[in-house]
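**Q** Between the sequences and the hints, there should be enough to build the whole structure, so can you do that?
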Amino acid sequence: MNITTNGEAVSIDPLTVQQYLVSLGIDPRRVAVELNMDILPKAQYETTLLKEGDALEIVHFVGGGARG
Amino acid sequence: MPLTNDKLVIAGREFDSRLMVGTGKYADFHQMVRAIEVSGAQIITVAVRRVNISDRSKESLLDHIDLKKYTLLPNTAGCYTADDAIRTCRLAREAGLSDFVKLEVLGDEKTLFPNNEELLKAAKVLIAEGFTVLPYTSDDPIICKKLEDMGCAAVMPLGAPIGSGLGIRNPYNIQIILETVKVPVIVDAGVGTASDAAIAMELGCDGVLMNTAIASAQDPVAMAEAMNLAVRAGRLAYRAGRIPRKLYATASSPLAGLIA
Numbered sequence: 001m002n003i004t005t006n007g008e009a010v011s012i013d014p015l016t017v018q019q020y021l022v023s024l025g026i027d028p029r030r031v032a033v034e035l036n037m038d039i040l041p042k043a044q045y046e047t048t049l050l051k052e053g054d055a056l057e058i059v060h061f062v063g064g065g066a067r068g
Numbered sequence: 001m002p003l004t005n006d007k008l009v010i011a012g013r014e015f016d017s018r019l020m021v022g023t024g025k026y027a028d029f030h031q032m033v034r035a036i037e038v039s040g041a042q043i044i045t046v047a048v049r050r051v052n053i054s055d056r057s058k059e060s061l062l063d064h065i066d067l068k069k070y071t072l073l074p075n076t077a078g079c080y081t082a083d084d085a086i087r088t089c090r091l092a093r094e095a096g097l098s099d100f101v102k103l104e105v106l107g108d109e110k111t112l113f114p115n116n117e118e119l120l121k122a123a124k125v126l127i128a129e130g131f132t133v134l135p136y137t138s139d140d141p142i143i144c145k146k147l148e149d150m151g152c153a154a155v156m157p158l159g160a161p162i163g164s165g166l167g168i169r170n171p172y173n174i175q176i177i178l179e180t181v182k183v184p185v186i187v188d189a190g191v192g193t194a195s196d197a198a199i200a201m202e203l204g205c206d207g208v209l210m211n212t213a214i215a216s217a218q219d220p221v222a223m224a225e226a227m228n229l230a231v232r233a234g235r236l237a238y239r240a241g242r243i244p245r246k247l248y249a250t251a252s253s254p255l256a257g258l259i260a
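Those protein sequence lines, which keep their order, are chains H and C.
Per my numbering: the first sequence ends with 68, consecutive numbering throughout.
Per my numbering: the second sequence ends with 260, consecutive numbering throughout.
A portion of the hints provided could be inaccurate.
What the hints assert, rightly or not - The calculated DSS-like cross-link candidates involving lysine-lysine, where the alpha carbons are at most 27 Å apart (straight line), are:
#: 1; chain 1: C; residue 1: 68; chain 2: H; residue 2: 42
#: 2; chain 1: H; residue 1: 42; chain 2: C; residue 2: 124
#: 3; chain 1: H; residue 1: 42; chain 2: C; residue 2: 69
FYI, nobody ran anything at the bench for these hints, they're computed from the structure.
**A** Structure representation (structure tokens):
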């Protein structure tokens, strides 16, 4: 199944968002996820199954002040 | 005059320190942590960026920051439209579980001056969504008043362009802003060295936010301490009430009893 994560095309097995984050080695508490341009609340990570063609943005905090 | 009972209050939250610092541009996390600690800052700005999904070896910023000790202020640095800034704030809230955002919508890459039209647009949407908005703005009293009227929790006029180190280029505008708005006025951007921060505080500003001046100094940890002292010294001088400026001298020793 093909999805887009942070602008990159990736091929994955059917997974929930929670499972996908863990498979990437990401601590779900430390990130925010946008699914097809809408914020996905953390409470829905475990119940949201990724679908063919989904576009994910996974962001976190990095050092930044005036200009990141 | 002691600095007790002189808390900075933003949207009902109290802070002892009036210096806010960024987390960008440090040589490494260790240096950043030391500098932040020495600065005494309690509010620190962070940026929101994509996670690198192919290389997970890099350490995460939050591994190094004690969230019980510091209030994170996510910023929208690098956003040039209201839509991008709004999207970034929504993500920041989800990542950090706080409503505080430093709203920054830039106008062009050369000056990094704010695009106030887009800024006002974004602020309106975000305030309606329950965000506590701290907007980075031009040192323009009219824009600052508009931002206050729409419900921003503070205004953050620039002292000079971001990262320029030119200091407070227009103290008179900052003074007018201080007279115009009731919300905290925090000078954001332009500070180069300790005296710049002290000047902002002596004018009566409620706080100063900086990143480059500390992180890009030759010794960031020493500069962080200098800024800590400067912000406190400037605040103290402001509260102490300076003498008026006069063109001519006034003797400070008594004239009576002179030998000649």
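**Q** Each of the hints needs a verdict: does it hold here or not?
**A** Consistency of the hints with the structure:
| no. | hint | in the structure |
| --- | --- | --- |
| 1 | 68/C / 42/H | holds, 21 Å |
| 2 | 42/H / 124/C | holds, 26 Å |
| 3 | 42/H / 69/C | holds, 24 Å |
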